[in-house]
Amino acid sequence: MKLLKIAASALMLSTAATAVNAAQFEFWYGNTGSVETAIQAACDAFNASQEEHTANCIGQGGYEAGMQKAIAAYRSGKHPVLIQFFDAGTLDLMLSDAVVPVQEIMPEVNWGDYLTGARSYYETSKGELFSQPYNGSTLIFYANMEQLGEVGVKDVPATYEEMVEVARKLKEAGHECPVTTDAHPWRVLEQFSARHGAPIASNNNGYGGLDAEYIFNEGPVADHLNNLAQWREEGLLKLNQDTKAGKYNVAFNQGECAMMEASTGSYRSAFEALGDKVEIAMAPMYEGVERRNTLIGGASLWVMKGHEGEKLEAAKAFLNYLRQDDVQIEFTRMTGYMPVTQSALTKLKDSGKAEMKEFATAEMGVNSLNQPGDANSRGLRLGFYVQFRDIFMEGTQKAFNGGQTMQAALDAAKARGDALLRRFEQTYRGVELP
Amino acid sequence: MIEDTRSINTTATLLLMAGCAFVLAPLVFVVITATQSYGDFLRNNFSLTPGSHLVENFRQVWEMTLLPRQTFNSFVIAFASAFGRCFLAFTTAYAVVFFAPRYSIFIYAAVLASIMLPLDLMVIPAYQVAANVAMPINAVANLGGGWETLFGAPLDLQLNLLNTYAGAAIPLMAQGTGTLIMVQYFKTLPVDLAKAATLDGASPLRFMVDILLPLSKGPLLSLFIYLFIGGWVAYMWPLVSISSPDMQTAVVGLTALDTGMGEDEIPNFPLQMAGAIMVTVIPLVLIALTQRLIVRGLILSEK
Amino acid sequence: MSNRFYRNKWLPLWLASPQLVVLFFFFYLPVFLAFFWSFHLERPFGGGSQFVGWQNFERVLSDPEFWTSLWRTLTYMVVASSTSIICALVLALAADRGIRMSPLARNVLIWPKAVAAASIGVIFLFIFNPFMGILAPLNEMFPGFWNPRINPVHTWIMIYIANIWSAIPFTFIILLTGLQSIPDTLHKAAAIDGAGPWRRLFDIQLPLLTPQLFIVVVLEIADSLSGSFALIDTMSQGGPGGATNLLVYKIYVDGFKAYDLSGAATQTAMLMIVVAAVTAFQYLVVEKRVKYER
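Protein chains in written order, with the numbering used here: chain A, 60 to 493; chain B, 143 to 445; chain C, -3 to 290.
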């Protein structure tokens, strides 16, 4: 009898242990601060909402550290089921053979509900979503209406021509910093060329294959950068290093500068500092160019290879949970990121909350993402792109500071970028771009 | 001193005052920034007017991080790595300085090379090693399919040090600064020390434990404090090798204070500075209290 | 070296073996992996690693950016270590004089040791802010007098000063203890012989300080290499226009942020070779001049 009891309890213990193990899965994310709080809240809510699965959500202290750990963990077979990666790492993951496309393992989901700009950035050439968009942001335009009002301007400029006109008025009125930017490639290269339908590289920015070459050094992007340099000479535009604050968005928040192009994520601190004086609009266009969608920034969720059974089911349940409208809206409220599906946005609008400060950028940002796209506004599939961003930044900053002409900087960046692309192509020889 | 040295002493005083001012100014700035609120900071950027949010910032740091637990982790990791490094430094330096075989030169060179290349540069391969320390054994055993032909399957031993105290502390020990310092110290000891001990009938190990260790108490203690603080402020390795927050060190735990929207959010510097103060207090107090010991310990021979 | 008294053949190896084991696992094995990757084109997530022989090295060696960065790194090692050692030496000589200020200074001057390197960068960035920092008044009188965000020379000055601040404690303490262990009798005897303070500095203090100076030189050069990373990451991110992009920082960015394992590993291998050369120079040339005997 006693023996039976022991055997029974041992059996119960072991089944309990397997049940816990099977239903528990790890999710690694990179964000810190308020976003981390929101992610943890979502995890707790998921764990409380059902009893079958347990999400074990582990912060890695940054996107980059998260990616490094995932790389090392994958190489030693200790990787989690679910992982969050930032936008610029998309191609590396797609080619890694370490992830499985979400649409492939969850064909039943209505993936068409995801916003155009979000989908195209994370989908394969066949239109299959590789990862589930999670925290999304995009580029919008900010203006300090109090300062614009002082020179009689009532509307946020919609084109660069208007922006320059307003900037000149401000300058004539003695304003020292009408426009500010950091000229980071995310703003002046990626988002600019996407919404102007201009290519950064051949092969539709690499979507057509790894043998792409950079071609931004001629055409709209080159013109725009030359314009930026010229506006700076004229005293209409300040870069980070010219502002008192040292950073463009700080300079805007402190009222030093009147207008800026910045991520939807900047809204919270801008509103906190300036209140109702801040007004936002879609990022400006050059006149005569048709507006395309902007690209999604932020990060998405990837399912890593090598997990199956209940663990995978648990991860799927978690992805489904995060996709729910209310969960997205709550995440938006806590973080300032945008909802990434049409239905969540509709629900937000219907609830009447869209006007609230927490949700102010959601509609504007989503609108910008949902503009009609073309082959050059889908996103980027360019190898070693993070390194290229540094090269681009280094060269153009030298040009802004007077070390070389802008054209020379762009040509040099193209040449160095192409060398990176060729090496990337060689590294992934024989791998088909999905 | 013998002659009249007033002008020299005045100069020296002025120099020391300048040095202290140079060291203190940034610290004062940290404290002032920590007293401001995020709102103040967004409006004024950095400023030298103290605010009134010091306590509030401390409270917020306390709530946002797992400071008590992580301080304990820091203590364990810093203590273990410092103690380990002192032990390794002592035995290795003894082997290098007091023994005749010429190969000890190569041991010393092998240790010195590690001083110049920080672990931070090798984070990715070091992580792979820590993920499975048995990796080299597997690799050797499976060379040319050796193990497989003998036992039917390739050897696959697993010993994962990630997310453990050992995995955080041991790699920090793979750095030869302590050995260099102990070697330099041993070289200044009287030449006939070992000879005299041998005449008294002491074996080399006895000499090490009974004579050399007591003689080295001072330098070892100073070294320990120095390395303890080094382990306390280590950033990159704990960040990478530890994945669960309740195993993380306090210095790394402060990253939870970043506002976290990537480069578009303005960091909450007042909060970060408040956090920096909270994790700096322990090493700072340690330094201030043991300063005499440190200086005395490193004095190679008494006046 | 006359301390080499014991003739045991294997005992020293046993004594050193714990350290050698630790070094094997967490220094030489990672180094080996880095060298391995430098001869391959390595995909971050593994799989499909191709042996490419010297191709990575050829590419790195023919890249002018690499050579500029290497040259910058060497310059930085020399300037950063010598400036911090000289500052600490002057302070140590002053503190050695046993004046009223000494005990306080001895304590305060080692405080920076407790501050994490990343915080140091943030702090000094503010102090040298062209519009709000200590040089702002000069900027108002002479516009454009000081802007480390645009002028690389200014950026370097800022980084060197931050480096001195963080390097003072260790260097100062080591040098001070060295000075304190010089017997007073030597000073007195020299003074009686008519040697002035300057004369005694060069004839007694500095020669007898050589063991400590040697430690400090070796460690400061090493530290300038590894410590530069946190300073550059927080203060300039390699800018303006790449002017402060040291090799250590470049390797970090290529390998850690851009997943270019092979490129980063190749540059690490090159850096190791340089470092080995510097270390060998220190031991083969410099250490010969160190006086251990008293």
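If you're looking for bench data, these hints aren't it; they were derived computationally from the structure.
Since the model is a prediction, treat every value here as computed from it, not as a measurement.
Beta carbons are placed, not taken as given, at the ideal position from N, Cα and C, and that holds for glycine.
Hints should not be assumed to be uniformly reliable.
[Stated by the list, open to error] Label-pair restraints from in silico Cβ distances:
1. 139(C) x 359(B): 55 to 61 Å
2. 185(C) x 334(B): 23 to 29 Å
3. 103(A) x 141(C): 52 to 58 Å
4. 152(B) x 185(C): 21 to 27 Å
5. 299(B) x 96(A): 36 to 42 Å
6. 179(C) x 359(B): 39 to 45 Å
7. 153(C) x 357(B): 41 to 47 Å
8. 338(A) x 139(C): 28 to 34 Å
[To be verified] Okay, the calculated bits of chain C under chain B, using three or more residues with CB under 8 Å as the criterion:
9. 54 to 65
10. 100 to 109
11. 119 to 133
12. 143 to 155
13. 168 to 178
14. 208 to 222
Going through the hints against the structure:
1. Taking 55 to 61 Å as the suggested C-beta distance range, the pair residue 139(C) and residue 359(B) conforms, at roughly 59 Å.
2. Checking the proposed 23 to 29 Å range against residue 185(C) and residue 334(B) shows it holds: the Cβ atoms sit about 25 Å from each other.
3. Checked against the given bound of 52 to 58 Å, the beta carbons of residue 103(A) and residue 141(C), roughly 54 Å apart, stay inside it.
4. Distance hint check: the CB atoms of residue 152(B) and residue 185(C) are about 25 Å apart, consistent with the given range 21 to 27 Å.
5. At roughly 40 Å, the beta-carbon separation of residue 299(B) and residue 96(A) lies within the given 36 to 42 Å, and the hint holds.
6. A beta carbon spacing of about 22 Å between residue 179(C) and residue 359(B) contradicts the range 39 to 45 Å that was offered as a hint.
7. Distance hint check for residue 153(C) and residue 357(B): the Cβ-Cβ separation is about 44 Å, which falls inside the suggested range of 41 to 47 Å.
8. A beta carbon spacing of about 33 Å between residue 338(A) and residue 139(C) agrees with the range 28 to 34 Å that was offered as a hint.
9. Counting residues of the segment 54 to 65 of chain C whose CB falls under 8 Å from any CB of chain B gives 0; the rule of at least 3 is not met.
10. A count of 10 residues in the segment 100 to 109 of chain C with a Cβ less than 8 Å from any Cβ of chain B is obtained; the coverage claim is therefore met, three being the minimum.
11. A stretch counts as covered by a chain when three or more of its residues have a beta carbon under 8 Å from one of that chain; for the segment 119 to 133 of chain C and chain B the count is 6, and the coverage holds.
12. Interface restraint, the segment 143 to 155 of chain C with chain B: violated (0 residues with C-beta to C-beta distance below 8 Å; minimum three).
13. By the rule of at least three residues with a Cβ nearer than 8 Å to a Cβ of chain B, the coverage given for the segment 168 to 178 of chain C holds, with 8 such residues.
14. A stretch counts as covered by a chain when three or more of its residues have a beta carbon under 8 Å from one of that chain; for the segment 208 to 222 of chain C and chain B the count is 9, and the coverage holds.
Hint violations for this structure: numbers 6, 9, 12, all remaining hints satisfied.
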